[in-house]
Amino acid sequence: MQELSLNILDIAENSVRAGAALVRVAVRAFPAEDRLRIAIEDDGKGMDAETAKGAADPFYTTRTTRKVGLGLPYLKMNAELTGGAMEIASSPGSGTSVEATFGLGHIDRAPLGDMGQTMSLLAGANPEMDFVYELCVCADAADSADSGGIAGHADEIGRFVFDTREVKHVLDGVPISEPEVMAYMASHIDENTKELITAYKI
Amino acid sequence: MKSLEELKALRDKLQGEVSLRGDGDDKTKVLVGMATCGIAAGARPVLAEFVEQVAARGLKNVTVSQTGCIGICQFEPVVEVFVPGKEKVTYVNMSKEKVARIVADHIVGGSIVSEYTIGSCQS
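Protein chains in written order, with my numbering: chain A, 1 to 202; chain B, 1 to 123.
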């Protein structure tokens, strides 16, 4: 895939199928560390330890369940190609989190790409679910972000948050799946993150 | 810069229109395959283009959404168009550039773009 936002769309589709109500996507750049972290967290049905372990293996997928497929192995490969790694944390009933780390300036790292399209599509095609997207450029070490998980971060250089719950509140009953609303969300995200993405080559 | 104020204006505009519409059965549905195979083949810009075109033309009885892997990964991106009372039409090897014609000819005009369908592809 030519953009990381396509990998993110693909992984978030797993969350859709896992019956999640809320999916959080966090993209954090750490220029000082030359790291880019992407986390996708859901509150879906989760996986047992064995399934979670096998999920990143393209040859693991059992044909009867078709739970995962090639999406996670693909993201893992892309991360490892840039000197990074991918981790999956999951347990039945408590959701799944996927975190991939990339070398921010690595020549083999695909650009983040069009997150506006990814998020507006997810939100519009799954109106009963909620999605949060956070883009953050952080000043301090990547490791210190571990404790905070996907929540707020202290030393932010720049941050943008998109939350479909806010959008739905404003929409006041107008479906989020309306094509004009989807087009709005895509350009809203694009216009508000363009500057950070260009400045830090995300 | 797009702001929430703009969303409010959009809401006010749509609130009047949405209430006038039927509730699903009389709508034309466009479904784009969005499994790993579809996404890797370029399904996302295709779906985004359908959304843009439907929004720009202000088509009120059309929904654009996604579906999973339809099982014909070699033909991705795949798009299914359901016009009420008509048989499903499956478009294959889709690109952003093909979208405008499908919207104009098929969804608005009612005539299928045969050369983009799976039928013409297999012959």
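For the record, the hints were derived by calculation from the structure and aren't laboratory data. Hints may contain errors.
What the hints assert, rightly or not - List time: in silico DSSO-like cross-link candidates among lysine-lysine, alpha-carbon distance up to 30 Å: (1) 168/A to 13/B; (2) 86/B to 168/A; (3) 60/B to 168/A; (4) 168/A to 96/B; (5) 194/A to 27/B; (6) 27/B to 168/A; (7) 13/B to 194/A; (8) 88/B to 60/B; (9) 98/B to 27/B; (10) 8/B to 29/B; (11) 194/A to 168/A; (12) 88/B to 194/A.
This structure is a prediction, so every number in the text was calculated from the model and none was measured.
These are the hints, each one checked on the structure:
About 15 Å separates the Cα atoms of residue 168/A and residue 13/B, which keeps this hinted pair within 30 Å; it holds. With a CA separation close to 33 Å, the supplied pair residue 86/B and residue 168/A exceeds the 30 Å bound. At roughly 20 Å between alpha-carbon atoms, residue 60/B and residue 168/A fall within 30 Å of each other, so this suggested pair holds. Pair hint residue 168/A plus residue 96/B holds up; C-alpha atoms about 29 Å apart against a cutoff of 30 Å.
Distance restraint check for residue 194/A and residue 27/B: the Cα-Cα separation of roughly 35 Å exceeds the 30 Å cut-off, and the hinted pair is therefore not satisfied. Straight-line distance between C-alpha atoms of residue 27/B and residue 168/A comes to about 23 Å, which keeps the hinted pair within the 30 Å bound. Of the pairs offered as hints, the one joining residue 13/B and residue 194/A holds, with about 28 Å between alpha carbons and a cut-off of 30 Å not exceeded. Using a Cα cut-off of 30 Å, the hinted pair residue 88/B and residue 60/B holds, with the two alpha carbons roughly 20 Å apart.
At most 30 Å may separate the alpha-carbon atoms for a hinted pair to count; residue 98/B and residue 27/B meet this at roughly 22 Å. For the proposed pair residue 8/B and residue 29/B, the alpha carbon gap of about 26 Å is at most 30 Å, so the pair holds. The suggested pairing of residue 194/A with residue 168/A holds, with an alpha-carbon distance near 24 Å, which does not exceed 30 Å. Distance restraint check for residue 88/B and residue 194/A: the Cα-Cα separation of roughly 39 Å exceeds the 30 Å cut-off, and the hinted pair is therefore not satisfied.
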